[in-house]
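What follows is the residue order along each chain.
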Amino acid sequence: MPAYAIEIILNRQLADCLSMPVFITDTAGNLIFYNEPAENVLGTRFEETGEMKVETWSTIFKQQDDEGNLLPPDSLPLVRTLKEQNPNHKTFWIVSLQGKTEKISVTAYPIIGRAGNFLGAVAIFWQVKDAS
Amino acid sequence: MKITLRGVRGSIPTTSPHMSHYGGNTSCAVVQEGDCILVMDGGSGMQQFNLLEGTGINRVDILLTHLHLDHIQGLGFFIPFFNPENDVHIWGPASKTNSLHARLSRYLSPPLFPVQLRDLPCKLSLHEVGNSTFHIGPFTIDSRFVIHPGPTVGFRVSNGRSVFTYIPDHEPALGANGMLTDTKWLSGFDLAAAADLLLHDAQYSFQQYQSKKGWGHSSMDDAVKFASLAGVKQLLLAHHDPAHTDAQLDELFADLKKRNNYFFNYELAAEGMQIDLP
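If you read the sequences in order, they're chains R and L. Under this note's numbering, think of the first position of the first sequence as 1, with each following residue one higher. Under this note's numbering, think of the first position of the second sequence as 133, with each following residue one higher.
Just so you know, the hints here were simulated from the structure itself, not pulled from any lab data. Be a bit skeptical, because a hint or two may be false.
[Stated by the list, open to error] Capping the alpha-carbon separation at 27 Å, the derived lysine-lysine pairs in DSSO-like fashion look like this:
# : chain 1 : residue 1 : chain 2 : residue 2
1 : R       : 83        : L       : 365
2 : R       : 83        : L       : 228
3 : R       : 103       : R       : 83
[To be verified] Listed next, the stretches of chain L that the computed footprint assigns to chain R, with coverage defined by at least 3 CB atoms under 8 Å from CB atoms of chain R:
# : region
4 : 215-223
5 : 301-314
6 : 318-331
Built from N, CA and C at the ideal position, the CB exists for glycine as well.
Only chain R is shown next, with the shape it has when bound in the complex (with noise of 0.2 Å):
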């Protein structure tokens, strides 16, 4: 297989440096890296699971809003992002498969490549602290 576009290369050598769950996908929303942080998030090793296509990492939390509604995948950032090719940013609830859960807000913003081209997608997870 080809390799990676740099600029997508360079994503993921920055998201090893960080202490936010960096989350990055191809065009398609295949999860095509996570960093050590959100490997919290999802409960598994990006060293033992390798790549995910969209439906299976996509099924791995539910979306919900304050009132605990599950949320419509358009609404959500990453999936705006991947979408619109244009930055996105929304705070909502996760729940994992465990039943645990989290208050989070998502950051998400298109990859274009030096030559205008849309190569994929990162989606930064900050965890909210509850201000009470």
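Given the structure of chain R, go ahead and fit chain L onto it with the hints provided.
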């Protein structure tokens, strides 16, 4: 194809007699097959040779990996530019912000240089490349962006029988944990995979690299590791640091050999070296 190295020094030309074996001219290599001549980079190694004189050839193609000064400073002294009978083609990395012509003109214009690009008497054509494949004479050439500050490509030159890969400025080990060994995540891998000959950046010793991360260059150790991952047959370590004398380079290379045990040929590139590939 016949490859002649005309400049293998990095960053700035050097003139010390203690550097005369490996040479002081910056990046330039000539690749020739039949009537087709490629000049890889336009460093100071490009000066003082009239490669078209008496050959009956009037076309030359210059392939620029990037526009840092040590890769273009010889352009103003490239003799074929000044003959109106010559066709000169320059291939260089594309940028979203400025054309290749505009970026080259920053150097080839006053106050940095008296002659402007548009005043060159030859028939000049500029071509912008990125992750591209193109053909020149008998050669198929692949260019790919590689990790180095600013738009920078490497080149894979194939004549259908042999492959010469040229990546003189490259830092594939940039990152928290150094070089990623999964080749899908390795900058430059597609260019170098199974090449017969790879000329690659090896500016620093292992120790020096620790304080130069992010400057865009490789340690000798990373260069041989990269070549090993790519499965190349022969490696030339190039872009020698301008502070390294011949004796120091020999010492660093001997130390590298002691610490690494790879089953392919690798050696230090030297100015004037010629390599024939079938």
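Going through the hints against the structure:
1. R:83 / L:365: violated (44 Å)
2. R:83 / L:228: Roughly 23 Å separates the two Cα atoms, so the pair holds.
3. R:103 / R:83: holds (24 Å)
4. 215-223: The restraint on the region 215-223 of chain L is violated, since only 0 of its residues have a Cβ under 8 Å from chain R and three are required.
5. 301-314: holds (count 5)
6. 318-331: Coverage by chain R holds here, the residue count being 5 at a Cβ distance below 8 Å.
Hints 1, 4 from the earlier list are contradicted by this structure; the remaining hints agree with it.
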